[in-house]
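**Student:** This is what each chain is made of:
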Amino acid sequence: MTWNRKKAPTSADTPRARVLNRLLGERRLGWIGLAVALLAPFVDASNYSLSVLTSAALFVMLAVGLNIVVGYCGLLDLGYAAFFAIGAYVSGVLATTYGWSLLATVPVVLAAAVLAGVIIGGPTLRLRSDYLAIVTLGFGEIIRITANNLDITGGPSGIYGIPGLELFGLDLSSPVAFYYAVVVIVALAVVGAARLGRSRMGRAWRFIREDEDAAEAMGIHTYKLKLAAYIAGAVWGGLAGILFGAQLSAISPQSFTFLWSALILLAVVLGGMGSTPGVVLGAVFVSVLPELLRDAADYRFFVFGVLLIVVMIFRPQGLWPSQASERTPARRPEVQKEDAWQA
Amino acid sequence: GGGLLSSGEEGGGSDEPIVLGMITPLSGSSAAIGPYMQNGAQLAIDEINADGGIDGRELELVVEDGACDPRTATAAANKLVTDGIDISIGGYCSGATLPTLPIFEKAGVPMIIPAANSTELVEQGLSNVFLINGTGTQQADAAVEYMTGQNATRVALVDDNTSYSTDIAERTAELLEEGSGPEVVLHESVTAGESDYSANVNAVVQSDPDFVYWTGYYQEGGLLVRQLRQAGYTGPIMVADGSVDQQLVEIAGPENAEGVFATMTQTPDTIPGAEDWIADYREKFDAEPGPYSTQSYDAVRVAAEAVREAGSTDTEDVIAALEGIDGLELFSGPLKFTEEHTLSSGGFLILSVQDGKFALEDALD
Amino acid sequence: MAGVADAPGTLSAGPLLDVQDLHLDFGGIKAVDGLSFSAHDGDILSVIGPNGAGKTSAFNCITGFYKPTGGKVLVEGNDITGARPSAIAARGVSRTFQNLRLFGELTVLDNVRAGMHMRMKQNAFDALLHTPRFRRSERQATEEANHWLDFVGLRGDRGGPARNLPYGEQRRVEIARALALGPRLLLLDEPAAGLNHGEKLELLDLLRRISALGTALVLIEHDMGLVMQVSRRIVVLNFGKQIADGTPEEVRRNPAVLEAYLGKDEESHADETEVPHD
Amino acid sequence: MSQLIWNGLFVGSFYALVALGYSMVYGIIKLLNFAHGDIYMLGAFAGFAMLTMAGALATSAGFLALLVVLLIAMLATGTAGLILERVAYRPLRSAPRLSVLITAVGASFALEYGMRLVAGPNPEVYPVRLEGTTVHLLGARVTVQQLALVVIAVLLMLGLQWLIMGTGTGRAMRAIAQDPKASLYMGINVNAVIARTFFIGSALAGAAGVMAGAYYGKIDFLMGFIIGLKAFTAAVIGGIGNIKGAMLGGLVLGMLEAFGTAWLGGEWRDVFAFSFLILFLTLRPTGLLGERVTERV
Amino acid sequence: MTESSTGRALQIDGLDVYYGRVHALRELSIHVDEGEIVALLGNNGAGKTTTLASVSGVVPARSGRIQAFGTDVTTAKPWEIVGAGVVHVPEGRRIFSRLTIHENLQLGGYLVKDEKVVDQRIEEVYERLPRLAERRTQQGGTLSGGEQQMLAVGRALVAGPRLLMLDEPSMGLAPLIVAQIMDLVQRINESGTSVLLVEQNARAALRIAHRAYVVENGEITLEGPAKELAADSRVIDAYLGA
Ligand SMILES: Nc1ncnc2c1ncn2[C@@H]1O[C@H](COP(=O)(O)OP(=O)(O)OP(=O)(O)O)[C@@H](O)[C@H]1O
Ligand SMILES: Nc1ncnc2c1ncn2[C@@H]1O[C@H](COP(=O)(O)OP(=O)(O)OP(=O)(O)O)[C@@H](O)[C@H]1O
Ligand SMILES: CC(C)C[C@H](N)C(=O)O
Ligand SMILES: [Mg+2]
Ligand SMILES: [Mg+2]
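As given, the protein sequences belong to chains A, B, C, D and E, one line each in that order.
Positions 1 to 343 (our numbering) are the ones given, in order, by the first sequence.
Positions 1001 to 1365 (our numbering) are the ones given, in order, by the second sequence.
Positions 2001 to 2278 (our numbering) are the ones given, in order, by the third sequence.
Positions 3001 to 3297 (our numbering) are the ones given, in order, by the fourth sequence.
Positions 4001 to 4242 (our numbering) are the ones given, in order, by the fifth sequence.
By construction, these hints were calculated from the structure, which means they are not laboratory data.
Please note: incorrect hints may appear among the correct ones.
[To be verified] Going by beta-carbon spacing under 8 Å, a handful of chain E positions derived as facing chain D:
| id | residue |
| --- | --- |
| 1 | GLY4083 |
| 2 | ARG4094 |
| 3 | ARG4098 |
| 4 | LEU4099 |
[Said to hold, decoys possible] Cross-link-like lysine to any residue pairs, in silico, SDA-like; alpha carbons within 25 Å at most:
| id | chain 1 | residue 1 | chain 2 | residue 2 |
| --- | --- | --- | --- | --- |
| 5 | D | LYS3030 | E | ARG4065 |
| 6 | A | LYS224 | C | ALA2087 |
| 7 | D | LYS3030 | A | LEU307 |
| 8 | D | LYS3181 | A | ASP211 |
| 9 | E | LYS4113 | E | GLU4124 |
| 10 | C | LYS2067 | C | PHE2026 |
| 11 | D | LYS3030 | A | ILE313 |
| 12 | E | LYS4116 | D | LYS3030 |
| 13 | A | LYS224 | C | HIS2130 |
| 14 | D | LYS3030 | C | LEU2100 |
| 15 | D | LYS3030 | A | TYR223 |
| 16 | D | LYS3030 | A | VAL306 |
| 17 | B | LYS1336 | B | GLU1323 |
| 18 | E | LYS4227 | C | HIS2130 |
| 19 | B | LYS1357 | B | SER1207 |
| 20 | B | LYS1106 | A | GLY161 |
| 21 | C | LYS2030 | A | ALA40 |
| 22 | B | LYS1357 | B | ARG1282 |
| 23 | C | LYS2067 | A | ARG198 |
| 24 | B | LYS1357 | B | GLU1309 |
| 25 | B | LYS1284 | A | GLY161 |
| 26 | C | LYS2121 | A | ARG198 |
| 27 | A | LYS224 | C | GLY2028 |
| 28 | D | LYS3181 | C | ALA2087 |
| 29 | C | LYS2067 | D | LYS3030 |
| 30 | D | LYS3181 | E | ARG4207 |
| 31 | C | LYS2030 | E | HIS4031 |
| 32 | B | LYS1106 | A | VAL176 |
| 33 | E | LYS4077 | A | VAL288 |
We put the beta carbon where it would ideally sit given N, CA and C, even for glycine.
Using the sequences and the hints given, assemble the complete structure.
**Tutor:** As structure tokens, then:
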């Protein structure tokens, strides 16, 4: 039994994984993923598979967004569905009640998401992670229940008749067109998140995750950066919400339950926190598996649960863990020696 | 099936079966309902196939889990469309059924919705949507009529925050406000899936009503009735169709449930001569029929009738045929659709629990 | 090198660090009890004292990790008492921790890049769009990080997670990280702890080279050999007060210090680092 | 008013019982045991199975029979907890903390839908009912059974409190919570202690399950989900990992709900409770009784 | 498990330990006779901590044999080893920061059945280390580095060790305290406890040790009576300084 609070050497340290990661650098991997997504409909373009694929893509976007908060910054968020809901409802209401085009709702959604991020993050980000967890959970429930009780949000049956996506005059509401639109948008979202993760801000997030005090000592205003992570997460969630409404044409509070937040978190952790390819994989896994299990009928969720356990036992770090390694140009050792000894 | 490049056309040969699709909860908190509806439909299908199907074409049933969750239901709807169903005869939770409407509409699949009955379902005025369960409005009418008849004066409404439940409660409230009869003294909501409703019960008792109307499902209904009685409320209690199930009596305890009224469409138990139907059902599935077994059974029969009339499964023809139906005998009475594709005669009756069973109290006519 | 460029050289009026009558209580315990001392540009100041004397606590007050219950801390004349650590770091005050606080799961290079956070010129949009500005600042950061790792003489793998380095190496990384901040004032809490003889010699040399950059050093240390060798001045704490303040020679002879800390018999000196005189 | 308070206390004591296990397990291995609520469900069904088998005599013996069933059910769920820990959690000891969250969610699904396979989707009705003779305490309607249940709950909690704070085992638990490796050096059989923790926590949840079944009469395979969340909430309000806190948190949550319903109506109850919780935590970031330490740097 | 009372407190033969692919200990063999203080010297990463950890059963041995007081404990569980009277004061103190000083000490006596014995031993510790006595109700984590080190040693004593293994006890201690800790160790030893002392601080260690080993890259490269090693030029160059 090894008892490392600090993780035991991650499976990503194993030579196999090393090689794998060298072979498929994140970038090339991204292209492969995109190619697969784009080609899928040529294999099966039935409405069903398209809707499953579209949902999966949206789920990827959510997972990548949550990954910013949980994976990069290490803030446990059990209410992520809230931001998703805010996006869906804001755009839904504007589109149905006020007849805006979905595109036009984007800026409003962004504003709302940021606002929500600040409102919930502002007072609570000082809390220790477990307490943050419950606060976010509460926030998620508050949003859902409020949507359920208000009239503009259509109460329990929610909003229906949300128009399909239409960008610059061309109508993307047909399942295939919509799927491709979503894939493109999600791809951008994934790349965006990954790039943030590899930037100055992304590093700061990781520093905070690893050791908040040390981060502060390095001049990192941990509070502001946590808030930034939160807001980024909210933005991703909100945008995904718009697409969600467009896909289902109807949204209702049942779509934003705690279970959803849990499933998104599931995708992130299952894939490998902080690892973009991992999280994408995890999201696809979590969203597609239950559909694949449809024919298991009564056994469906039983099997799903068991599979989750099994997978984690065999990949404790996640399907595709993030590992700290950079290619470093071989350095001339003697230089170090000199540096070390010269006075 | 079939990729973008392959032509995904399924020919409509006249000898191949007519496929009916049903979305019903098999998982999640309403999972209990699924089997009742599935069996009800299966029973009808077997009967029809037994005497030769429809112009030689057999009926076939495909069931998908909707889990009362919009996302799951949407996927299910798409699956059914992909499986090439001709008519949808499912739909239990309004909330989960709503997003499936446009999918079936786009795919040109007529929907005969057996259970789900929130008024929103028809408010969009989609041509392919038909409800054969009385709508919230109709149910509210029945409820108010009866309350007034009982000369209740102070009514407490309790719903469970689901679209179906609030729909009935709100419309009941509207009617009561308009009318000169009883007044609404409280409109309370409970959270489904919990055990302790003492706080809500307390609110009800505080408001000192002489009539309580519960518009949710039987799981919570049973607990609520029991806890109301324990809290010392002795006045009349009425429940909506979602609560009409033997389980309600057992959960509440017979002594508490005795005398509880219900607004309900016709069920085998209330129809003279339906005993043999129940017998068949028992014999076939060796289980008791439950909520919406009959509506699902009828949904199949309505579908069959429409196809027979239309002479094909072509969308337009079937819809036309459905609109044309007049007087087809259903459990809920003779069928004729209104403009909005709802039951012209609401067909709501008042049941009451008599020695531990729901039985006809007042036919309201 | 940016780091060196940013490192201070300009002399400012008054002391670089001025601690005035600092107090810190925890319930009953007076961890720091009226401590005053100051450090000037180019100083190498050692803070010594028995375990529990309040050395680390004083550091924590200066760097904002504890809120002093009394007294003032001035950096170049600006009162920074009770400011948040990051704000104090922004004033060019950098530190290491008594028990290593590296970002264990992150690469050694990233650990050092942390020090450059404040100075890196890029924003979210640069990152999203990978603007030239972004690439430039990333390249610079990497070069600089490597520079500091060379400077502290790190031998181990820089691309791997910091936790995989042996202890001594990790200490070097922590110092490199602190240097990457381009501090005017560097506070080191027991940098020699857990180092062996050879490594201590290297540390001694490293401290001198840091000082040569123009960075003022304040270090807490228990290894008298090292302290006596490297310090220009020594402040001795006991029970949160300073009991002596002077040159190594003065302190070495101060009876109070012998009493409280060094011990009179040469026995306890025996484990100092002795440095070959050349 | 006093009725509200009593209702709150009564519901709260159920939350508290479940919250205890949550808090213990969380305290010791920092695991949000999402399956904990389902253990409660398991307990309810275990009791149900026994009572239906025992049939008539149980019904006649009433409260006593129920106590026996309660104990057996506690054993059963306790064991279930052990197995759960062994199968789903122990293998991930050295994995990142959140990984275990996944297996917990997995276990939750497996338990819920496993039970659905066994017992079917329909709610079951408890054969024994704690119909209560009502007494009036300071203006509140209180049944003897309610009192009895509250007493049992409180006794269980006190016992636990003593175990954690007063015994070596408890000290060991707290030690493991902070530094499992160092605990090994103390000669603590870490796995054994953790297993014990799961057993106790699960047994308590099982007890709550049986009581709920017997009192409310209706049980179903999803009954554990909501109460699981509430237990977590309660545990946090009280200061997670803190036993007294968990009890207090449960009661407070019960009250919040009672008053929330009374003041704002049922549909806003949870909004009320959670908003309160959020505000409260921003003012008191470590819950009611969670200890606050200036971490050393 | 048969008690064959050789006068050996600890006997390690040909011990090999790996961390993944890191070969941390190579064929390492050392022994501690009952009543002895044996010092284990070596640079960072030499394998000192690993040696202790594998004796404690925290890190598994790939091959080789470990005996404590004549009993084979190569595959024994950590708590069995503590039960056998082999107590380990881990590197970096590892005290329980949220527990009080007193509770920390009580945990030291976790396996001791008799509460009275524990209390009495705790009192002895308080006498020897009065700084702890002053703070008995303070949370461990709030102690200063040095105080924590004292607590760690004190905690081990409460277990009533027959063999005490200390991993760099002098780390971070003021000269005076180092001296104190060292005589504490010496006194513990005089009262009959064998000691295996891992140190960077070779001087302090060699002063009190009877024998000493030098580890380099997981192998024993030098061994002998402490006095001789203290005089050995190789040791002086590498670990003491001229
Ligand atoms: N957060 C805290 N809560 C309570 N007491 C504390 C806290 N931090 C430090 N102390 C007390 O303050 C005193 C000074 O501690 P400090 O760590 O500053 O000593 P030090 O001089 O660094 O000792 P060492 O050389 O051993 O590191 C100690 O007695 C310690 O117990
Ligand atoms: N958990 C681990 N995973 C991988 N390698 C490890 C681990 N722990 C130690 N090592 C390696 O094993 C070797 C021996 O380490 P060990 O800690 O025993 O050395 P040490 O003599 O105690 O050094 P120090 O004086 O720094 O404590 C080192 O190379 C170290 O890097
Ligand atoms: C009684 C049920 C038929 C109501 C249905 N569940 C709905 O949501 O409309
Ligand atoms: Mg210190
Ligand atoms: Mg070591």
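**Student:** Report the numbers of all earlier hints that the structure fails to satisfy, in ascending order.
**Tutor:** Per hint list: 5, 12, 18, 19, 21, 23, 24, 25, 27, 28, 29, 30, 31, 33 violated.
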